[in-house]
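Peer 1: Given next are the chains, with one letter for each unit.
2 protein chains.
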Amino acid sequence: MAWAVARPGFKVPLFRFIDALPACRDAADVLDHLDGYLDTPASPWLVRAGLHVADAMPGGARVASAVARGGVRRMATRFIAGQSAEEAATALEALWRDGFAATVDLLGEKTLTAADADHYACRVAATLAVLTAAATSWPEDRRLQADPWGPLPQVHVSIKATALAPLLAPATERQGIDEAMARLAPILDHARTEGATVHLDSEHDEVKDATFALLREIGAAYPDGPQLGCVVQAYRTDSYDDLRALVDWSARTLRRPLQIRLVKGAYWDAETITARAHRWAPPVWAEKADSDANYERCARLLVERAGDVRPAFASHNLRSLAYALTAARRAGLPDDAVECQVLYGMATPLHGALRDLGYRTRIYVPIGELVPGMAYLVRRLLENTSNDSFVRMHSSHGGALDILLAPPESDLEPPAAPAVAATDPDDPGPFVNEPDAELRRAGVRRHLVDAVAATATGFAVPVRIGGDERSTGETLPSVDPGRTAVEVCRSALATPADAAMAVNVAHGAFADWAARPPRQRAAIVFRAAAALRQARDQFVGLMVVEAGKPIGEADAEVSEAIDFCEYYGREALRLAEGGAVIDVPGEANHLRYQPRGVAAVIAPWNFPLAIPMGMVAAQLVTGNTVVFKPAEQTPGIAWRMAQLLYDAGVPDAALAFLPGIGEDVGPVLVEHPLVASISFTGSKAVGLDIIERAAVVRPGQRHVKRVVAEMGGKNPIVVDTDADLDEAIPAIVQSAFSYAGQKCSAASRLIVVRPIFEELMDRLAGALDLVVIGHPSDPAVKVGPLIDADAQRRVERYQALAHREADVVVHRKDVPGDGWYAGPMLCVAPADHPLATDEIFGPLLTAVPADDLDHAIALANATDYALTAGAFSRSPAAIERLGMELRAGNVYINRHTVGAVVGRQPFGGYGLSGVGSKAGGPDYLHQFVDPRAVTENTMRQGFAGEG
Amino acid sequence: MAWAVARPGFKVPLFRFIDALPACRDAADVLDHLDGYLDTPASPWLVRAGLHVADAMPGGARVASAVARGGVRRMATRFIAGQSAEEAATALEALWRDGFAATVDLLGEKTLTAADADHYACRVAATLAVLTAAATSWPEDRRLQADPWGPLPQVHVSIKATALAPLLAPATERQGIDEAMARLAPILDHARTEGATVHLDSEHDEVKDATFALLREIGAAYPDGPQLGCVVQAYRTDSYDDLRALVDWSARTLRRPLQIRLVKGAYWDAETITARAHRWAPPVWAEKADSDANYERCARLLVERAGDVRPAFASHNLRSLAYALTAARRAGLPDDAVECQVLYGMATPLHGALRDLGYRTRIYVPIGELVPGMAYLVRRLLENTSNDSFVRMHSSHGGALDILLAPPESDLEPPAAPAVAATDPDDPGPFVNEPDAELRRAGVRRHLVDAVAATATGFAVPVRIGGDERSTGETLPSVDPGRTAVEVCRSALATPADAAMAVNVAHGAFADWAARPPRQRAAIVFRAAAALRQARDQFVGLMVVEAGKPIGEADAEVSEAIDFCEYYGREALRLAEGGAVIDVPGEANHLRYQPRGVAAVIAPWNFPLAIPMGMVAAQLVTGNTVVFKPAEQTPGIAWRMAQLLYDAGVPDAALAFLPGIGEDVGPVLVEHPLVASISFTGSKAVGLDIIERAAVVRPGQRHVKRVVAEMGGKNPIVVDTDADLDEAIPAIVQSAFSYAGQKCSAASRLIVVRPIFEELMDRLAGALDLVVIGHPSDPAVKVGPLIDADAQRRVERYQALAHREADVVVHRKDVPGDGWYAGPMLCVAPADHPLATDEIFGPLLTAVPADDLDHAIALANATDYALTAGAFSRSPAAIERLGMELRAGNVYINRHTVGAVVGRQPFGGYGLSGVGSKAGGPDYLHQFVDPRAVTENTMRQGFAGEG
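Here the protein sequences line up with chains A and B, keeping their order. Be aware that the first sequence starts at 1, since it is given in my numbering, and climbs by one per residue. Be aware that the second sequence starts at 1, since it is given in my numbering, and climbs by one per residue.
There's no promise every hint is true.
Because identical chains cannot be distinguished in the list, a pair is counted as satisfied if it fits within a single copy or across any two copies.
[Stated by the list, open to error] With a cut-off of at most 25 angstroms between alpha-carbon atoms, the simulated DMTMM-like pairs for lysine to aspartate or glutamate come out as follows: (1) LYS11 <-> GLU936; (2) LYS684 <-> GLU671; (3) LYS813 <-> GLU758.
FYI, nobody ran anything at the bench for these hints, they're computed from the structure.
Using the sequences plus the hints, can you model the full thing?
Peer 2: Given below as structure tokens:
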């Protein structure tokens, strides 16, 4: 461990190996993992030597595997007190007799299904029963059994709220709390009658508010007991405010003062990573000193309000503990008014010292098996090896107590979110992704819900060519697919003649637009990005009501549209600098990229803002003029987008807006001799037809057309035997069922290596049962309506087929009556069944078992599509292989397969999924320009002026 | 001038302006040029202020123009003594009476036609007559009229050999010398009878040997006189050897010792630039000190051998002159044994000082008009402003004589050519172009001629699939198009079944080849490059005899093939590093490029090595397997190329060789569902047909095919009124007629702004008359045979049409009888005539007059093709505009339009000339790969290992 600490290059693979170890099937599998993670130059030579010995020796694999398992088991038993309630009772009695109180934590925090949660709640209840019964025989210990405000139960259990309710999450907080309350009721009743403290642990940021909300509901329901406890994490920037509110609430509500355990917090890495990745303000302090200072501030408040609450200080940092205990003494509190809490197996000399000083010392004791305990174990290892942890500093600084005990220096200024400002075309700076709304905050959710409710509907969408807006005789209503009585807008219908005129006008505008300085065009798309930021709420609302898109996904789509503008604007400026060519004396060479002409942009409805904005902005910013044909289903969003572009400065003639029926105007656009390129996103059938038609050079045509087509997918997710199912299952649900599976990137095939097939199906079914179906304006909803009646009929047809010909594992039928809903389905079918080969574009996931990873990859690749693919594995070799071999334009390892982000996951397929170079990637704009090399002989009369 | 010297940023545009000035039509035109060149921040404010005054004032343009012309004229009259022979006589008499001898130089050195050369020779003869007649009345001056070895004529004329014969060039040296001798005869006769020295000046490197060869022929023909002279350029690394040889020759051959003028040399910039651009060893010393030291070495030899030759020292460098004169005295020579030579108008105080010291001082006196004198003027200005010229140093160092007169430090080690070595795939280093053979050296030419003569013919070319070579029942002879009785090889004819089998085999080999490490594939193409270097002679020979390609162009094509291998090898390694994507914490993103599958490569005959090598190497090195279908006309070269690739390590199954008839196997390859991409170079008709066929997705096809097609062109050259016709005409001839116009890049339309139309036609006709037609194994030949009888019939059809419907300006009929020759033709036709719109692919250039530059650009762009375009202009604004507006993938300004070089001029067209991204450019390989984004969630149990 000491060795690992000093070598970050070894620490990461070591922890990953430890994480994966419980999922290994046998000795050879352990060795493979050991080999994959640890046979690197950063590993100590002994480890590497061991690996090679294992290869060479008969039985070597078993030996090495046993050594590895043994090592990890030793690490685990250091931190985990036992597997069963009975083992726990024995361990706790020993501690009690040694002068320590305890709080029991049942490992297994990740529950994905109702069954998981029921199981957890039963285990807690059973453990509680065993412990309360056992405790009756423990000797009395006054110091442990009372404080100035009354008696304290001998038994103390720490519960993770999320383990009680898979829906305990920001968007489904209400459902989650109700579930949790139902599962807690027997536990609370038992604790009240038999005498036990029920303590809610703190977890990630996402569930902090829900956990406190649950606590308040418990308190309201059980004001007289049992004794309750909770945790405040001093590393959070809002913890002091939370603490004050909790103290007030306890004073106001509870008869037995709430026990508050003050900790620093154990998820700093994850919280910081999540916030940085989303460009949100981190909820935690940036520096250790800030957390330490805040800990001390919170400790002062706790001792001031002791009696309203029961203070407990949990830390292994000597200074923090000493500060809190001194503050208590200085405030005149007796030593038994506060409690010290420590972790089982961590810094054990400290435990005894605190006890010997006379403090009530409570040990946090995890109970359970290695697999569910792995997250806990890794957190403990991280703490032990973090560079600025007290434990780590203590070991490296030796006895320099004056350094270790120095007061933390901090002004407690919370870190801010990175600034978001309009882009200066003269100095755009590097591209960064637009932050999504921070929907884990209730206020942010409320704001968006209100915005959606306020969405203006009932407007008219015209045809607009050369700045001339007009309606048409026939019009098409666009309705809310989740409430089909609501007409969002009414769209004009362009005719083939309109299409031809639009091309001609765009062609007439081309020379001027193409000749503008690239910076001027970039400035326009940057202005469009700024306008989208301003109009964010409006577009979210429209996407919810016109496209049936869940509110959070609609929000993310606005970010994506902004990203496209910001990214392509910068890329166009880069392109304007030209390509790399070699100069020699006497010769000046330039490789320039020039626009191609009129572009037809034919857009889909499922990303009704981001995809057309990306396609249109890319063509415009490179100097092409555009005829934009939006999808029939989402003319309203498209029209608002077009208006935004005109307002941002796109000339009237450079962008024609052509709502209408694809069959009417599509062929005209595709075949028109003045159309130079076609940007299409949609179905394979239409895409291939466009490719064929566009390849014919027609009279009057002066170029070969370029088609950039993004088509469909039948996207697989492969699950290997050592996958972390806790991670895989939510990701599979998200990949297959978010937005009712109506994404070209959605997973529709689940290929599972057989040993874990049944387990995965069971848990996935349970998770799918919990998916919230409904109108997408409710942030809890993951599955909204399908886009239209055709889509509903198609999905229902495949669902009927599944009932006839496949094993249906889940078919949810609890869908709203008003709207084109289809209930999510999970079925098992042969790999060559239409359910496993046709793109269904709905909430239907077909699972196929595979014999091994080879077979799984072969099944995954047995499709003409090649769009997205996912894979779950914890074997480095398998990860490498899956990344190389899965036939897909976008491969995602150990995460969901949807929501590609501009600049990070350039998006697009090959095979029959697409033609062209990935949207949101560095090669995309090249497709919309022709390269030109200009060479000037700079030598005149033998004189070149160089060198 | 002093100001210009200090500011290189101003010197270059100033010289360019001075160069262009004589070609300006009127005052406004002068102002435009002045403005274009000099209105930059580097210009002195007075110039810029003047320009703006000129804009604002009525008549301002005329004033500024007059000022500019006046200034340049003053500069010119400082260096040029007069325009006519009579003016020269007056000036020379004045010099004579002032104590100076003179040598007259008739400006107008660039002769492109026989008429130009006749005109020059007549001017020399007439000037000689005027001067010898005039000199009879000059007073006797013993110092100027005799040296220790006898009398010296009063009249002395310096002649540029190239002005006597446009063909006096390396490849046509024999023709050039014969021509020059014929034109010199009356001059030499007159000089002998009337008493005059005939002196051959030295020029560029290219004609140094030819000039000395001419001198020897003169000496052999006129051993008794007239007095002869020549120049040795001490800046040349071979000048000491040349000098020794000349001295020996003079001693052996001539009755009157040869006068040798020792100079440093005036073309250092150009010689160095040319050599660096070609990566040849520079023929001149790298440092000024080397030239100075060599000058002194040569001076010692001259004084040692005085008597065998008559030494003359020409320099404005005081140290060099003093050294030479001191050496003469130290050798015991009387002062009249040596002569000093100086330039008219340069460092005039020196002239008087030398005369006053008692030395015979001869002034080099240019006579003539400003336009032809511009090159001379720019050379003098360069000398005056070069940073290390003595004149310049004198003015900047003031009187620090000890610095100026310090001995030059040099070990006289000649600069070497950059090394060419096989590329190490582990450390390939930056790409550099392969040097062509230095054909300006007679030895190199002889070597290649011998290699061509030794070309092995009569071999059999098999079909080769999966390593299995076999002949076919039917075969096709491939003959020398310039000697149709010679069979180069006999080629098997692949059947459609062969084609299908080849695709299947290549498909079977794909997975293995694609999975190889990119470095391994790069290593193979680097080995191919090295093998091509070794087999250079063999390929040159085959291209001459099988493709009818002139020897120099065949040589350059081998370089291009090597370049493709070296460039794409490096590009593939760059591609293997992946594309630029953004990472955020907790997520690892990679943008990878993977091969697509089986590629069909369908190659043309006109670049039978470089184009297929480029297409095949690009597909192979990116991991695709290839079915290579060579052109019917050049199976022999293709087979040798394929063998070279197999030998370099391309697996048998990864490359199929499929000679045959395009109509038989082409459609099978294009339509085969297992073919992923098609690389085609050839005609527009075939290319468009391929594009259409390939766009249809057929049963069993799992991808959309990618077609990269390079098709035809009807390439224009635009000549603006201020073009330098001396530069334009040879470039036009090269562009339109080299390889008999059989290049897709060849110019076939000449668009000339009207004021210079007639002059250009006249001179171009004269230049075309001199083009050497014949079998391409003769290095003198520019126009060889057409590729086959079909081509000959097609060209003859258009030529007949020209005779019927156009103005035929030139139609050469002096073609060999044995072979598919067509004589070069220049005609004038309307812009919409088939002669001006059809791709003829032969030696036929159609000229079209244009009203102005706008009209010229419109005419140039009035074609569906967009491949190459050329333009000649000396107006910065026009150059910028032509570079931006000419519709062509490759635009060439002030040079020929053929011979694009890998890495420097990425090559390829758009419009109906091509689909795809330029061969030999940074985007080319992207076409043969599919992008894949792989995203790994690196966060496990809340732990990512970053930050």
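Peer 1: Decide, hint by hint, whether the structure agrees.
Peer 2: Status of the hints after comparison with the structure:
When the C-alpha separation of LYS11 and GLU936 is checked against a cutoff of 25 angstroms, the pair qualifies only between copies, where the shortest distance is 19 angstroms, while the shortest distance within a copy is 57 angstroms. In this homomeric assembly, LYS684 and GLU671 come within 25 angstroms of each other (Cα to Cα) both inside a single copy, at 18 angstroms, and across copies, at 20 angstroms. In this homomeric assembly, LYS813 and GLU758 come within 25 angstroms of each other (Cα to Cα) only inside a single copy, at 23 angstroms, whereas the closest approach across copies is 87 angstroms.
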